[in-house]
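K.L.:
Listed here are the chains, written in short residue letters.
Protein chains: 4
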Amino acid sequence: MEYHDSEKAQEVAGRVEAFMDEVVLPLEREMLATGDTISNDELAELWEMAKERDLFAPQMPEEYGGQGLDFADMLPSFEQVGRSLIGAHSIRANAPQEGNMHTLEMVGTEEQKEEYLRPLVQGEMTSGFSMTEPMQGGGSDPKMLQTTAIKDGDEWVVNGHKWWTSDGWDADFFLVMARTDLDEHPYAGTSIILVPRETEGVELVRNVGHLGAPELLEASGGHAEIKYNDVRVPVENTVGEEGKGFQIAQMRLGGGRLTHCMRYSGMAERALEISKAYLSEREGFGSDLAEKQTLRQRIADAETKLHMARCGVRHAARELDRSEARIEVAMSKVYTANVCNEIMDLAVQCLGANGVANDLPVAAFYGDVRAFRLFDGPDEVHRRTIARHAFEDVATEEIEHALRFDEDRIVDELKREAPADD
Amino acid sequence: MEYHDSEKAQEVAGRVEAFMDEVVLPLEREMLATGDTISNDELAELWEMAKERDLFAPQMPEEYGGQGLDFADMLPSFEQVGRSLIGAHSIRANAPQEGNMHTLEMVGTEEQKEEYLRPLVQGEMTSGFSMTEPMQGGGSDPKMLQTTAIKDGDEWVVNGHKWWTSDGWDADFFLVMARTDLDEHPYAGTSIILVPRETEGVELVRNVGHLGAPELLEASGGHAEIKYNDVRVPVENTVGEEGKGFQIAQMRLGGGRLTHCMRYSGMAERALEISKAYLSEREGFGSDLAEKQTLRQRIADAETKLHMARCGVRHAARELDRSEARIEVAMSKVYTANVCNEIMDLAVQCLGANGVANDLPVAAFYGDVRAFRLFDGPDEVHRRTIARHAFEDVATEEIEHALRFDEDRIVDELKREAPADD
Amino acid sequence: MEYHDSEKAQEVAGRVEAFMDEVVLPLEREMLATGDTISNDELAELWEMAKERDLFAPQMPEEYGGQGLDFADMLPSFEQVGRSLIGAHSIRANAPQEGNMHTLEMVGTEEQKEEYLRPLVQGEMTSGFSMTEPMQGGGSDPKMLQTTAIKDGDEWVVNGHKWWTSDGWDADFFLVMARTDLDEHPYAGTSIILVPRETEGVELVRNVGHLGAPELLEASGGHAEIKYNDVRVPVENTVGEEGKGFQIAQMRLGGGRLTHCMRYSGMAERALEISKAYLSEREGFGSDLAEKQTLRQRIADAETKLHMARCGVRHAARELDRSEARIEVAMSKVYTANVCNEIMDLAVQCLGANGVANDLPVAAFYGDVRAFRLFDGPDEVHRRTIARHAFEDVATEEIEHALRFDEDRIVDELKREAPADD
Amino acid sequence: MEYHDSEKAQEVAGRVEAFMDEVVLPLEREMLATGDTISNDELAELWEMAKERDLFAPQMPEEYGGQGLDFADMLPSFEQVGRSLIGAHSIRANAPQEGNMHTLEMVGTEEQKEEYLRPLVQGEMTSGFSMTEPMQGGGSDPKMLQTTAIKDGDEWVVNGHKWWTSDGWDADFFLVMARTDLDEHPYAGTSIILVPRETEGVELVRNVGHLGAPELLEASGGHAEIKYNDVRVPVENTVGEEGKGFQIAQMRLGGGRLTHCMRYSGMAERALEISKAYLSEREGFGSDLAEKQTLRQRIADAETKLHMARCGVRHAARELDRSEARIEVAMSKVYTANVCNEIMDLAVQCLGANGVANDLPVAAFYGDVRAFRLFDGPDEVHRRTIARHAFEDVATEEIEHALRFDEDRIVDELKREAPADD
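Chains as they are written, first to last, in the numbering used here: chain A, 276 to 697; chain B, 276 to 697; chain C, 276 to 697; chain D, 276 to 697.
One or more of the hints may lead you astray.
Claimed, not checked - The calculated lysine-lysine pairs, modelled on DSS-like cross-linking and capped at a C-alpha distance of 27 Å, are: (1) 502/B with 418/B; (2) 567/D with 567/B; (3) 418/A with 567/B; (4) 326/A with 388/A; (5) 567/A with 567/C; (6) 567/D with 519/D; (7) 567/B with 418/C; (8) 567/A with 519/B; (9) 567/C with 418/B; (10) 567/D with 418/C; (11) 567/A with 418/D; (12) 519/B with 426/B; (13) 418/D with 567/C; (14) 418/A with 567/D; (15) 388/C with 426/C.
Said to hold, decoys possible - Just a few of them, taken from the derived set where beta-carbon distance is under 8 Å, the chain D residues facing chain A: (16) 339; (17) 340; (18) 623; (19) 632; (20) 633; (21) 648; (22) 649; (23) 653.
Hints in this document: simulated from the structure, not taken from any laboratory.
Cβ atoms here follow ideal geometry from the backbone N, Cα and C, with glycine treated the same way.
Construct the complete structure from the given sequences, taking the supplied hints into account.
P.N.:
Here is the structure:
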């Protein structure tokens with residue numbers, strides 16, 4: 276399918292695809308077959324190969340060692356890395372590193388960029404985004420935020436309890452969402468504080484066990500539960516303007532939602548590739564694989580919906596490069612998340628017992644993709660945003676007409692008789 | 276929502292929208308409220324108004340009186356006309372006129388263009404496309420075509436039985452699909468023959484009663500059942516190359532499928548407008564309309580899927596302007612048809628009893644849109660096309676891996692022991 | 276499928292089935308083929324035949340001429356009559372006659388039974404249930420009821436505006452829901468008043484045009500819009516206890532919802548029969564009917580869901596014969612309505628163009644069944660009822676555990692620090 | 276909800292429920308909270324407690340120590356044990372032990388019953404059912420069976436490769452499906468051979484890693500991959516009649532499918548309980564939990580579908596106690612499996628991040644339930660069975676009518692003209 280991406284976007288994506296096909300997918304297959312994990316040293320080697328091919332951190336400015344791609348142009352590359360369980364990690368296009376780099380680049384000070392952004396882009400550091408708290412459930416309600424950072428002289432004193440901090444176990448520092456002005460509504464009184472992991476009082480409680488994949492990377496630290504107990508950092512560690520934490524997080528999340536869409540679209544495409552390969556070959560053995568026709572028709576629907584998602588995400592990326600694109604991103608997120616879930620379910624069904632066994636990546640995809648309908652805002656929250664927008668511009672002339680037959684004709688006459696309390 | 280349509284496309288669509296809002300929708304509402312139909316004279320008046328606004332037959336070349344828009348540029352205008360039950364008719368952007376004009380413009384002779392295309396573009400003639408036959412069910416299987424046209428001197432002698440010929444009751448002439456070379460496979464031996472209605476042997480059996488709307492137009496001739504009994508027309512009445520009937524029909528249908536998507540997207544948008552207006556206002560009366568929240572969330576989903584459809588149709592229109600775009604069109608058709616059906620169902624649910632009463636256009640939309648999943652190829656046929664394409668480029672390296680765990684490890688050892696007949 | 280119905284139930288149902296197969300279905304087919312309607316005289320003949328076979332009004336006590344079946348026992352007979360567009364009418368098992376007879380039998384005075392119930396059971400009178408009002412939309416919110424009946428001496432003076440009164444055009448009398456005590460909440464101050472059609476002030480405004488079937492019966496009066504203008508009837512015309520209108524209506528509707536489920540299950544079964552017949556035969560012509568396999572699998576799902584509905588409705592009927600069975604009925608209604616809608620949609624898809632043409636009953640089924648998700652309470656209202664019940668008996672020990680991980684561990688420590696206003 | 280189960284069924288189920296609430300669920304919660312697993316000794320203690328309460332192996336005859344319940348009567352007890360991840364194990368009502376006991380009881384010799392069945396019922400032995408082979412994918416196609424058992428004197432020599440043998444790692448013996456007559460079709464030439472694990476040549480390759488739960492039991496051996504290399508056992512180890520392996524397996528699977536439905540219904544009920552508890556309590560914290568209304572409506576639908584499944588499974592159990600009930604079981608299996616999958620998906624959505632974390636059992640339920648649409652025959656195979664049955668008794672009079680409008684009227688006239696090869 277030709278998607279009219281820019282020449283630059285296609286050129287980079289072509290090289291990413293080659294890296295996936297030649298290096299990453301074969302490695303992933305080997306790990307799944309053997310049950311081994313990739314050590315940190317092996318990951319560093321992968322990164323070297325990606326850098327040699329000029330593929331590392333493609334969404335970052337060239338001055339930091341990235342490829343300088345905007346959302347529209349990074350899109351096909353991010354689809355490519357999504358095809359493998361270790362694809363995004365292999366070129367550091369994975370969440371949360373990618374979003375944290377984006378944040379530091381947008382609002383960080385020059386010092387923060389030198390001390391933290393550059394090493395992130397180089398793969399010399401790892402970071403966590405410490406936002407979700409146990410009280411918030413899935414983190415969808417910012418008003419529930421309870422972590423605080425209180426100024427004491429030149430220092431912030433951070434106290435709080437977080438979980439689902441991705442890559443948290445291996446992180447060198449955290450971007451912590453904390454209330455810094457308790458007299459303000461959380462939307463207005465929250466800031467992002469950079470906390471190095473080695474600071475006193477940072478307590479890594481555990482990695483939250485969860486549905487999903489066998490971990491292929493030694494480094495992939497799962498989702499940490501962390502307590503911040505009277506943690507002191509200099510006030511210079513404020514990331515972006517004080518009190519603007521939610522606005523910055525929203526910017527971060529807008530892009531993050533869309534890059535998730537890109538990666539998961541690639542994952543869905545891979546699952547379809549494997550399913551089609553399996554169905555095609557089984558056919559060769561004389562088995563009709565129990566109602567192949569039905570599965571083929573369902574694959575056609577899956578391809579169609581994935582195509583629609585990819586069109587919609589491209590539309591949103593073009594918008595996001597020039598505006599906030601809140602509705603476009605919300606639509607893309609909720610649609611892509613649901614389509615990718617459907618596709619993984621279909622892939623499992625096509626593959627039978629192989630679909631739930633860890634020998635192929637599909638079982639891991641299936642467990643992994645479920646959370647996509649929850650994190651970065653569950654479906655219901657995005658639908659609420661979309662509905663609110665949809666109901667803003669109600670066609671008033673339609674109202675008159677729509678109600679004409681149950682009201683206009685009778686309201687006047689009945690109004691007088693209606694009981695006063697009704 | 277901003278769709279990045281061209282300036283020209285937006286300019287024309289803006290004027291079409293104004294025509295709908297100022298003239299067509301008020302007229303539609305009046306007809307629904309009174310139960311009246313629009314006479315042919317009143318339709319002619321509508322056409323005059325559309326011509327004065329330079330909106331008539333927007334998809335036709337300017338030399339014939341149209342606006343010269345290609346698929347990408349006619350798109351937002353066609354969405355606009357779809358909003359009303361009489362919108363497409365009001366500017367002659369309705370099927371089958373629109374597709375027939377497109378066909379004559381593409382492959383007609385100069386004489387045919389003067390004698391038939393120009394009057395069609397001017398609204399002075401009406402035409403039918405006589406393809407579907409009773410034996411074919413929904414017309415999906417061209418191999419079942421039984422109508423024949425046999426050369427006898429300078430004349431074709433046409434015999435056959437057709438139904439579902441839209442606008443057939445009022446048509447001045449028909450484009451008839453007929454087998455002209457019985458020794459060839461129907462794909463290769465079929466031609467399109469232009470048959471004036473007044474020719475001897477043309478027998479209009481009946482209008483097929485069907486699910487759907489109250490007819491708002493006197494002229495809208497429903498879907499005719501027609502017999503062609505030894506009908507003789509000159510061989511010059513062949514439309515396009517002899518024996519290429521299916522290829523021409525495919526070209527015609529490709530565009531027709533996409534313009535249907537555009538119009539039905541507009542219809543779905545209108546249904547959502549009415550639903551939102553109704554829900555908004557009911558709220559004002561203190562009623563929570565039984566689980567409004569749920570309906571709002573479903574409307575958010577409807578808006579999202581319609582948005583995805585509109586992105587996908589735009590992508591396909593851009594492709595169709597420069598290629599056959601077979602898969603893009605098939606995906607757009609099957610997806611848009613299903614989304615529009617879902618949306619009409621939702622609109623009926625939002626409107627309650629008003630959703631099934633003829634006072635509002637939604638009941639008519641609901642009946643009308645159902646056929647969209649059948650005509651121009653039912654869902655199953657498009658999915659077959661899409662699946663065939665999807666299975667063309669199966670990733671061979673995935674095959675090896677996908678089967679590795681149920682075959683490679685054991686095939687060799689077991690093969691020897693397997694019973695010979697297995 | 277064997278459903279363990281009682282011997283009596285099976286015996287009657289067997290005779291109803293024979294009547295349908297021998298008399299009613301052939302007549303229905305003839306009407307559809309010719310476009311004719313059944314005159315009132317012809318309907319009377321049908322009724323004579325049903326009476327001769329001891330099938331008329333099977334749910335009524337034998338003393339009135341019925342068969343004395345309770346809900347569990349009438350069930351398979353009602354499924355049978357649902358198979359035809361005119362089946363329920365042919366033995367007077369149709370709504371609203373059936374529910375009105377049930378109401379009069381339950382709460383009518385001896386005089387009302389003699390004057391109105393007996394002629395209803397004999398087919399000598401027809402009745403309407405005048406409940407829904409334009410302000411209520413689909414009639415789901417009883418608090419919106421605006422029709423009043425004010426006592427003036429020995430008479431009720433009824434004023435109000437109703438619509439969707441089924442069979443209203445042909446009714447000899449109406450059971451009118453009206454507020455009789457304006458100081459009470461509508462639930463407590465509403466009564467049912469019997470109003471003969473010929474009473475002065477009864478104004479039949481129109482039949483509401485609506486989505487659906489070609490009418491096969493001259494007598495089937497559609498759904499009337501009626502105004503009651505200072506209509507005076509004796510206070511003896513109160514049906515059941517004064518002020519208990521809603522309680523009586525609920526009893527009536529509980530049974531009515533379940534008999535609707537029975538009839539529509541039969542309709543769905545017929546649609547599947549036609550679809551299977553069509554698919555089977557088309558196969559014989561060498562056509563694979565575009566992805567027959569897929570349609571077969573979808574038919575398997577349709578059969579499965581219909582089977583589940585029939586099991587659930589049977590369970591509810593057994594309960595309703597001995598209790599209010601509110602949740603069982605609500606579940607049966609919302610489930611059956613949705614399954615029957617799905618099945619009609621599938622049948623249309625199986626039949627292609629024949630599915631939307633009026634030559635077969637399926638197009639009429641499709642239009643007709645849509646309203647089943649709206650009348651007698653839309654889906655959303657039943658789901659609310661079910662949810663309210665489901666949340667009544669929440670497992671408290673699960674609460675503790677469910678919240679343990681986002682609250683117990685942290686609530687204590689954080690509570691102290693949480694800002695006072697949170 | 277009252278399900279009209281027999282008094283005996285209700286009495287036992289009540290005691291099972293108490294055991295779950297008092298002993299099993301608290302233990303499960305403790306394991307999830309601590310991440311510990313239950314050792315074999317602890318499991319033995321659980322069994323003692325279950326035996327003391329007369330709950331162990333309730334489906335087995337009393338002479339072996341069971342409760343002697345038939346399918347209809349064991350049903351509510353099996354629903355109860357399904358509520359916990361360790362419930363079925365705690366009273367030995369888990370697959371495959373339960374099905375293997377059923378098999379030995381049905382067709383085993385007296386010696387086999389004494390040597391293997393009695394210890395199974397006592398919990399002194401564990402068994403595996405070794406049927407699925409890698410070549411079969413999900414095991415749905417018995418014709419692909421490749422394992423052989425060849426007679427050599429008084430011994431069977433078994434060779435083959437199996438996987439997905441549940442509890443295989445801990446099993447003391449296996450029931451192995453093997454082709455014993457290579458000249459026969461597998462349906463007729465297959466037998467079940469009992470192979471003690473310690474026999475020479477039995478090679479346990481690995482436990483197949485798969486999607487799903489954290490394992491709570493030390494003993495739960497996952498799904499083993501096993502090779503049988505020239506394994507020799509006495510011919511007396513044939514279980515049931517030689518050559519009747521498939522027939523016996525079908526009997527075993529029929530019951531097994533239904534007991535799976537019972538257990539998974541209980542699991543779904545538990546997931547709903549947790550979801551409702553969570554939503555209820557969150558409400559107390561002032562959060563509206565993002566569109567609670569929508570989730571409540573979806574829970575209402577979930578409760579409704581689960582109710583329908585439970586009605587359908589009860590119907591099937593009554594049938595299975597007196598017939599093969601092939602279609603009833605197939606419908607129950609495919610319906611329940613899909614409903615339970617839907618419900619787990621909903622539960623995860625209700626619980627947000629807690630839905631995918633291992634702290635609650637829901638994440639494990641979600642992974643576990645996915646396989647239910649694959650094992651014991653994937654959806655597609657059951658739908659094929661149902662469809663085959665549905666198309667057996669096509670209504671011939673409907674065929675005539677259904678085709679009347681596209682064929683009868685025209686076939687005769689057109690047949691003559693149709694090209695010979697068409």
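K.L.:
Could you run down the list of hints and mark each one as holding or not?
P.N.:
Evaluation of the provided hints:
no., hint, verdict
1, 502/B with 418/B, "20 Å, holds"
2, 567/D with 567/B, "12 Å, holds"
3, 418/A with 567/B, "24 Å, holds"
4, 326/A with 388/A, "20 Å, holds"
5, 567/A with 567/C, "12 Å, holds"
6, 567/D with 519/D, "55 Å, violated"
7, 567/B with 418/C, "17 Å, holds"
8, 567/A with 519/B, "34 Å, violated"
9, 567/C with 418/B, "17 Å, holds"
10, 567/D with 418/C, "24 Å, holds"
11, 567/A with 418/D, "17 Å, holds"
12, 519/B with 426/B, "16 Å, holds"
13, 418/D with 567/C, "24 Å, holds"
14, 418/A with 567/D, "17 Å, holds"
15, 388/C with 426/C, "23 Å, holds"
16, 339, "32 Å, violated"
17, 340, "34 Å, violated"
18, 623, "6 Å, holds"
19, 632, "5 Å, holds"
20, 633, "4 Å, holds"
21, 648, "7 Å, holds"
22, 649, "6 Å, holds"
23, 653, "6 Å, holds"
Checked against the numbered hints above, the structure violates hints 6, 8, 16 and 17; every other hint is satisfied.
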